[in-house]
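**Q** Each chain, letter by letter, is given below.
6 protein chains.
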Amino acid sequence: MPLTDLPLEALREFRPDVREPADFDAFWEKTLAESRAAGAGAAVLREPADTPITGLVIEDLTFPGFDGEPVKAWLTRPVGREGEHLPTVVEYNGYNGGRGLPGERVGWALAGFVHVFMDTRGQGSGWGSGGDTPDPYGSGPAQAGWMTRGVDDPAHHYYRRVYTDAVRLLDAVRALPEVDPARVAVTGGSQGGGIAIAAAGLVPDVWAALPDVAFLCAWERGLQVAMSDPFQELARYLAVHRDQRETLLTTASYLDGVNFAKRITAPALFSVALMDAVVPPSTTFAAFNALGSADKHIEVYPENGHEGGQTYQWLKQVEFLKARGA
Amino acid sequence: MPLTDLPLEALREFRPDVREPADFDAFWEKTLAESRAAGAGAAVLREPADTPITGLVIEDLTFPGFDGEPVKAWLTRPVGREGEHLPTVVEYNGYNGGRGLPGERVGWALAGFVHVFMDTRGQGSGWGSGGDTPDPYGSGPAQAGWMTRGVDDPAHHYYRRVYTDAVRLLDAVRALPEVDPARVAVTGGSQGGGIAIAAAGLVPDVWAALPDVAFLCAWERGLQVAMSDPFQELARYLAVHRDQRETLLTTASYLDGVNFAKRITAPALFSVALMDAVVPPSTTFAAFNALGSADKHIEVYPENGHEGGQTYQWLKQVEFLKARGA
Amino acid sequence: MPLTDLPLEALREFRPDVREPADFDAFWEKTLAESRAAGAGAAVLREPADTPITGLVIEDLTFPGFDGEPVKAWLTRPVGREGEHLPTVVEYNGYNGGRGLPGERVGWALAGFVHVFMDTRGQGSGWGSGGDTPDPYGSGPAQAGWMTRGVDDPAHHYYRRVYTDAVRLLDAVRALPEVDPARVAVTGGSQGGGIAIAAAGLVPDVWAALPDVAFLCAWERGLQVAMSDPFQELARYLAVHRDQRETLLTTASYLDGVNFAKRITAPALFSVALMDAVVPPSTTFAAFNALGSADKHIEVYPENGHEGGQTYQWLKQVEFLKARGA
Amino acid sequence: MPLTDLPLEALREFRPDVREPADFDAFWEKTLAESRAAGAGAAVLREPADTPITGLVIEDLTFPGFDGEPVKAWLTRPVGREGEHLPTVVEYNGYNGGRGLPGERVGWALAGFVHVFMDTRGQGSGWGSGGDTPDPYGSGPAQAGWMTRGVDDPAHHYYRRVYTDAVRLLDAVRALPEVDPARVAVTGGSQGGGIAIAAAGLVPDVWAALPDVAFLCAWERGLQVAMSDPFQELARYLAVHRDQRETLLTTASYLDGVNFAKRITAPALFSVALMDAVVPPSTTFAAFNALGSADKHIEVYPENGHEGGQTYQWLKQVEFLKARGA
Amino acid sequence: MPLTDLPLEALREFRPDVREPADFDAFWEKTLAESRAAGAGAAVLREPADTPITGLVIEDLTFPGFDGEPVKAWLTRPVGREGEHLPTVVEYNGYNGGRGLPGERVGWALAGFVHVFMDTRGQGSGWGSGGDTPDPYGSGPAQAGWMTRGVDDPAHHYYRRVYTDAVRLLDAVRALPEVDPARVAVTGGSQGGGIAIAAAGLVPDVWAALPDVAFLCAWERGLQVAMSDPFQELARYLAVHRDQRETLLTTASYLDGVNFAKRITAPALFSVALMDAVVPPSTTFAAFNALGSADKHIEVYPENGHEGGQTYQWLKQVEFLKARGA
Amino acid sequence: MPLTDLPLEALREFRPDVREPADFDAFWEKTLAESRAAGAGAAVLREPADTPITGLVIEDLTFPGFDGEPVKAWLTRPVGREGEHLPTVVEYNGYNGGRGLPGERVGWALAGFVHVFMDTRGQGSGWGSGGDTPDPYGSGPAQAGWMTRGVDDPAHHYYRRVYTDAVRLLDAVRALPEVDPARVAVTGGSQGGGIAIAAAGLVPDVWAALPDVAFLCAWERGLQVAMSDPFQELARYLAVHRDQRETLLTTASYLDGVNFAKRITAPALFSVALMDAVVPPSTTFAAFNALGSADKHIEVYPENGHEGGQTYQWLKQVEFLKARGA
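Protein chains in written order, with the UniProt record's numbering: chain U, 1 to 326; chain R, 1 to 326; chain X, 1 to 326; chain S, 1 to 326; chain Y, 1 to 326; chain H, 1 to 326.
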């Protein structure tokens, strides 16, 4: 795969014109307030996970997400540290993957962090070991996939629910006894990176944002230059619904990572891969260049595709958090 | 594309072992009874369609479908035949297409039939000109696409709702003043053929069943030999949910065209294409060979792919209905 | 499919240098004069089409085309309007399609127009339901396909014959009793759009030109940037005949839609799709930007591939003609 | 590429039912007689080729082919052997290639043979360095490519002309002073192998037939199992002209290599490649197994694709001819 | 992806004829003896790995492999169990992957096992995070890739060195103080599964063999039916070296997993995926069906591709070892 | 295939910044001196080739290459010119091809030149008829293929050995009695073109350099824009070894054709194809634009892919040499 987007120098200056609705903040304040109210009475459940793993504690976490609906996560943490308030990493998953089976993501816990890995509602059947969280909402006519479910109105859109789940998980995690609420970072790759950006934009006092090859930024650019799904779901939808372009772009403006990035003030470590055919590097740079954070960095992987830096990037992330108090 | 399945002689004898649940009939009787009850009070709405076409009457039909929910269709009929009870063809659509814009399917009406073209709930964004009917139901973790939405239980499955819509449309159409209720046939290509088979299995006194290159038959065979989606959605789902094979196949047994075909007694004209890479010919033959109809025929298109016979087959269908009283 | 060509702003200004031979007009005047002379004695034949359709009148039209050779078309018109002079649309077909079976294209007639759909000589075996017009001319060494047949000399080229057929069909149609000769528009998609441009350039008093995603414009640009056939037939030919570049481009200059567009003065409604991988948008814009028409418009479909606007565009075309006297 | 057809043991017994018209021999006798008559007065022209090669004599040969029309070939022979009657190999070319430039095929002449390489009329623009022979015949609606040109009637079919050219070249070559008319073999790869089979079936006293990975045998089997063009041209044609199956197969029966192979009595050395995705091995074995020759051999290349044995096979061919008097 | 090989019932009986050289055992005894002698004086080195992981002990292991050459591995084990003799799993890697970075494979150690993950010499640049072990041997002409390096003679073949490394790692691991030498199992996926089969065939008293979707079995079958590399490297090599078939198959017979499987007597848990396009299921079944083990099992994943069961299979493996004394 | 790189006008000015190590000349002087010393005592062997060809003399040449190791070549020359000192062309081969069988490349000899065709060590199993020269050197972890073998250090890199072979072949050829040492040109296509550039940079008094569609120039540009292997081997390697970018680019700088081109002073005839998807035209122009030669020319094939000009270019090369004293 050759380079898939602009040369690196141009990417570093790429600031597309992404529309921002006047009621962006109001929309999200209302959304979060309603879901927090709906979930107010719901307990956060923790059950021991069914796994042969004994070297870490793994728990099956259920928390009230969007509209108080139960959402699943795996909580993985070091053994024998019960009395401490540990630094914590909340991770969101890539497109069409589920939280999988317990013990599949253990790096952070092995390095001494509490790690919480959120299930993405409705997804979890595309690769890996599956997911456990339903998405009990239908939609109007939509593309196969999730990008256009509820595209007629930001209030109906799938990612409104997912982003709210993400924030509500932060609410839940910061109240756990093992967690140091001042040291909760968000991370994730691809879609997970996009969710992390949204969460960090909506929860300003998060410890750090660590999105990898982040998807869900600069949607209009994405649908024009991405060579594959999921961005192309948007283009295929518009290829049929030729009169819905304005509606789709308006809905997208409430969900675009660029608008969340502007609102992030936490330290941020991004990554981007220049041979990425799924997430065009320019869409990730659009968010990075818009970041409100003073303390921001981006790792560039010049010859990687959508897999990005993998463990190399994880080591950078650990180092980044250690330098900031882990 | 070379031949995609067994040689024709073997296809003519292909009768795979498709599981049939003991409560198959009870399940569908209950399903239909509940939806008929839910929609009992809902009127069938007819509005003139917005179209420059004056050579036919085109109406925007809204009828109570599954659970009484409003479902859209286009009703197209000859001008100046208002006092008559015309022979009628109800058509269902292919996968991921919508009913489109008025006037896109006019052949049957131009040949003197009332034609009703049902919108497929939730679909309609994959090709063509779009759809207008939402599917207000979420699901557990599912593949992108519709085959695995609600795969955990036949009561939740997407096609339970679609098949019920299809039957409820027959209920509505047979009560229209222009329609001769004794002469209402069902047709459709690909997914539409599969829906037509289900409708004809559930409504035994339909005039005729005319499914083209019918999909949704012999699901287990389909997921094993089909070279592409939508059958492959099932395989990809099971590739992740390795422990859900039995559940999926049980759910599928309530929806499999082979089980509906056994219950069809109306005259039937099928078609099949031997270079079809989407719907393996053996899955369609599995339904055809299981048909309960005494008067049954299948047109074989030896060198066609999934497009099948197109207008050639439509001419056969018109002739078939004319020979049976149109 | 991402965008396949220049950004929209650049397309709107794209005016490539297309060579125009000094004897372009003389070449075509002579060509048309000879074919008109050759066909002078030939009657235009009309036979009822064999079809179950009763809601429209469909006739099998045979007219003298290039060198007076018989060419086929379907004439479709409203019932019961025999005494009127109706507005008329002449349509040309896409690459490798034939006129198909009667009744496959009925939209214009249903909207009150006479519609004539020309068979493209020699083509008609690539998709759809076939064609009925031979092309009784051989060629020197050529690529499979039609773009390079007779490429050694414009007098031998396949499209010289096709464009002449297109003009001769206008001659024939304007003389039909049901047709208002002052209201005969030309249309077509892809190759059909290119033929419509040629016809409108050669018949200056045509009512309107309505080419969709028009092919056959800016051939040199096309062969350099198109991602697929038929433009790539030219590149593959030159990849073998490395010494024939000048000859091919000279021949092409007699056939290039840009040169015809300069000569069009009728009202024109174009369309273009920005994710079109078959007809690069820049080649269509090259013709549109060169149009001689004062009254010219182009519909841009930003997310469509080569299918373009389909029914959406047809509705625009109907509206365009209605606003101009239909 | 894995194996593309039946296992080798099954191939060795594969004898499909290929229809043979009752007037097969009469058809060809008449065809050849007419072309021989038409070309009776035409001289065979020989001009020195324009080439920097001095180590061989290369001449530009023009001979009267089908209906006496001029067809080109390259004649290449050793220097300094003018007084002798040399063993000779006539070679036909693969699909869509031309005779190219002089000096591109010199192996046989370097080994002491006269070598004549026929241009394939109309082809020669798909790969290589081009061709020089026109095919001055049009056709009815046809697929891009040559397989369906004139498919309505064997008298119109493209390969009737090509096979006749091939025979007429043998007529011409056997009369050349440098050639020993008793030692003229035919060869060719792919399409060239198919033409060699036809020529050897029509000229019973040819010295030997040496077809490589021969195409044009068992057409019906070919269109059903071949994974690519040119056999798939037939399937695509029938996918449109759904009512022309019988016509096409009847025409094909006059051109099928299996019917020519039955009539071959000369020594024959075939080759076949078991991973050939263009020419299914079963189609070549169908011809080989039908051969009338007592002295017949087939080299099997188990892991090759359509390239077959290349120089390895050429060495076998040289050896085969040397053992038979070269 | 549909099924890629025989139906399951046929796979369960598939026993191809795989040649076995008379000196198979002698060849390997000599090979191992020489390498054991060459490495006799070399210490097994253990260095702490550079990693932020604190929840496990990870060490950088260097052991004398083929001809005593240093080979790398990661040793990962539970903390605080230093005095015990733990059950141990030695894992080999898939084609073209390296051992990666420390901490990437931790499941076994988290479940209480010592885990040793061998670097595959020369590989490690195709995916993942890289490898650290050179392969200081050249070869004759070979395909890109490893399957044909040294294919002229089993003594030169790449896998002779790799299999020897695998055995020598078992020698080294069984001598480690933390390891219970009676409880050392071998595992690996794809190529790693093939290496595990070889190791278990050469070290008869291994605790268990747990190969996943094992590659490197039934080479001749593999090169004939596999749809992709690495088996296709063999076919491409033979497509060039048409005279080396016997040599290649003779060399392969010293390396074929089927011949090692016959010699395995340890308990064995295999897995196979029926939609695997890389390793044809029949090649794995060929080894499984030939196993000498009395206690043998195979997990079948009917809808998986080459990823196989992943964590699902790992859980089966843990259970399998626990039932046998872990 | 459309254009694959910059427009022609930009290519003519393309001069990328290619790093050049300070010790470039020293590195190569030492390398050549060592190999010349190592091979000093080795005779150049000539054996008659085993071939049925009698029209040319073909000999199997063995010469001391890198470190004195035996390397194979075919020497082909006109018959009966033994007493003369002929103009000579040394040709290097394309990626993964071998010297093949004798008599496969005879054009130059037929035109009166001595022609020597070098086997590329270790390669020769990808296409064609094979090779005969081993490469007795292993490597660290490397991609399948040759681009990254020994990438850790220019002293270990595969192409150091190949370029040295190329120079040593010139040493050997210029000492042959049939050869005029003042008239020895170098040529080759793709990889062979790259090797020819290296040889001409290292042997300043070569008669002429005739590289076709030359590969191995501007490596960094190549890995960023090439659409396929072998340049993409570099990108895939770096996608794994994310920390080896500087090392790889440093090693590459000793091997980059641009650095050799700067040192060429001989007359040079290049070619380039603008639809080449394997060797981006900009990489070849980078070398051409850097050439030190006063007498330099480049043939541009605007519509060709990686096959380039083939015989058309060979005719240009013959003419070029004839104009310079052949």
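Since the hints were derived computationally from the structure, they do not count as laboratory data. Incorrect hints may have been included.
It does not matter which identical chain is meant; a pair holds if it fits inside one copy or across any two.
What the hints assert, rightly or not - Dumping the calculated EDC-like pairs for lysine to aspartate or glutamate here, alpha-carbon to alpha-carbon at most 20 Å:
1. 30 with 50
2. 316 with 50
3. 262 with 13
4. 322 with 9
The structure displayed is predicted, hence computed values, not measured ones.
**Q** If a hint holds in the structure, say so; if it does not, say that too.
**A** Status of each hint after checking the structure:
1. 30 with 50: neither (38 Å within a copy, 38 Å between copies)
2. 316 with 50: between (31 Å within a copy, 13 Å between copies)
3. 262 with 13: Cα proximity of residue 262 and residue 13: one copy only (16 Å, versus 35 Å across).
4. 322 with 9: Neither: 30 Å inside a chain and 48 Å across chains, both beyond 20 Å.
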